[in-house]
Amino acid sequence: MTSEATPQQAVNAESALGLSSSDEILNRVGHVTRTLHDSLSGLGLDKILEQVAQDIPDARDRLAYVARMTEQAAERVLNATDVAIPLQEELAAGATALQQRWQDVMREPSLKSEYNLAANETLTYLTMAGKNTAETKALLMDIMMAQDFQDLTGQVIKKITGLAQELEQQLVQLLIDFSPAIPKKDTEATKADAADNSSLLNGPQIDPDAVDVVASQEQVDDLLDSLGF
Amino acid sequence: MANTNTKFLVVDDFSTMRRIVRNLLKELGYTNVDEAEDGVAALSKLKGGGFEFVVSDWNMPNMDGLTLLQNIRADAELSKLPVLMVTAEAKKENIIAAAQAGANGYVVKPFTAATLDEKLSKIFEKLEKAGA
Chain R
211 MTSEATPQQA
221 VNAESALGLS
231 SSDEILNRVG
241 HVTRTLHDSL
251 SGLGLDKILE
261 QVAQDIPDAR
271 DRLAYVARMT
281 EQAAERVLNA
291 TDVAIPLQEE
301 LAAGATALQQ
311 RWQDVMREPS
321 LKSEYNLAAN
331 ETLTYLTMAG
341 KNTAETKALL
351 MDIMMAQDFQ
361 DLTGQVIKKI
371 TGLAQELEQQ
381 LVQLLIDFSP
391 AIPKKDTEAT
401 KADAADNSSL
411 LNGPQIDPDA
421 VDVVASQEQV
431 DDLLDSLGF
Chain G
24 MANTNTKFLV
34 VDDFSTMRRI
44 VRNLLKELGY
54 TNVDEAEDGV
64 AALSKLKGGG
74 FEFVVSDWNM
84 PNMDGLTLLQ
94 NIRADAELSK
104 LPVLMVTAEA
114 KKENIIAAAQ
124 AGANGYVVKP
134 FTAATLDEKL
144 SKIFEKLEKA
154 GA
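So the protein sequences, as listed, match chains R and G.
Mapping of the first sequence onto the working numbering: residues 211 to 439, in sequence order.
Mapping of the second sequence onto the working numbering: residues 24 to 155, in sequence order.
Keep in mind that the hints were calculated from the coordinates and are not lab data.
Among the clues, some could well be false.
Stated by the list, open to error - Here are some, though not all, of the chain R residues that point toward chain G, as calculated from beta-carbon distances under 8 Å:
id, residue
1, 410
2, 412
3, 422
4, 424
5, 427
6, 437
Quick reminder that beta carbons are idealized off the backbone N, C-alpha and C, glycines included.
With the sequences and hints as input, model every part of the structure.
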């Protein structure tokens, strides 16, 4: 727009470009927003929305904490088993070798030097056994201690569950107060659609008694058998 | 028991679960194992060739396990590859959908080492029969 153009000319120019209808939409959206805001304030619901806006990041942070704690615990346990398994394998292999050695020595009259050799190997093995069992026990303690996340995450999850329940109640109240009357049929159809879209991605089944859910590997196998699988 | 050098691809978005499956396979004697974090990464590795067995999760970002299975079955090079689903998805329609898409087996999480061993043996047995 040039500096000489009057406001009226500007409107006409915009009109020519088809912009006036989008202005009208913006105006009306602004008006609706203001009305909604006033209504919500009048009912005290603006406080609830403010609370919701604070609670959601809080819940997100708590869930991130649960994910972090459980991952740490899993890493800790897997690291401990990685170390402990070779220690146990060494014990087993040493025992088998010593057993064979003593069987050979006992089978026929042997020299004192052969006995001494077997006895020395036994002492070496016993030293190794003492060291490996002590190390394995420390690793088992670490595995046990790594489960402490359960206590912490359990508490956090309980809080989030409470929070979710509160949010749900508040949002339902908001819907009851503001939703236009919707024919029941439509809501059911919408529900069915939503169920169709998400039905194959549900994650772990929390309730094994739910309809159309298998509760065990046996039931999976039975179902596949019945399909001729 | 099948050839212990069988090359496995373990597909799961959780590194912990990939590590557990890898350790279980190692315990069963299978040491030739690679990992992928979702269906897209898995498909790209599979197309690189050399894999003989896929163990896949279902619920993953980018490409889920069912779509991965469908892609494998639709690919001329990969279509015969055995696929074992190992997933927390436990609805009957999931199991039916996996069977229809051509899964060779279905293990529901949480699972035991014995269950994995049993399903793998069963799949190898069937493959040997089919090949004989």
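Here is what the structure says about each hint:
no.: 1; hint: 410; verdict: holds, 6 Å
no.: 2; hint: 412; verdict: holds, 6 Å
no.: 3; hint: 422; verdict: holds, 5 Å
no.: 4; hint: 424; verdict: holds, 5 Å
no.: 5; hint: 427; verdict: holds, 5 Å
no.: 6; hint: 437; verdict: holds, 5 Å
The structure meets every hint from the earlier list without exception.
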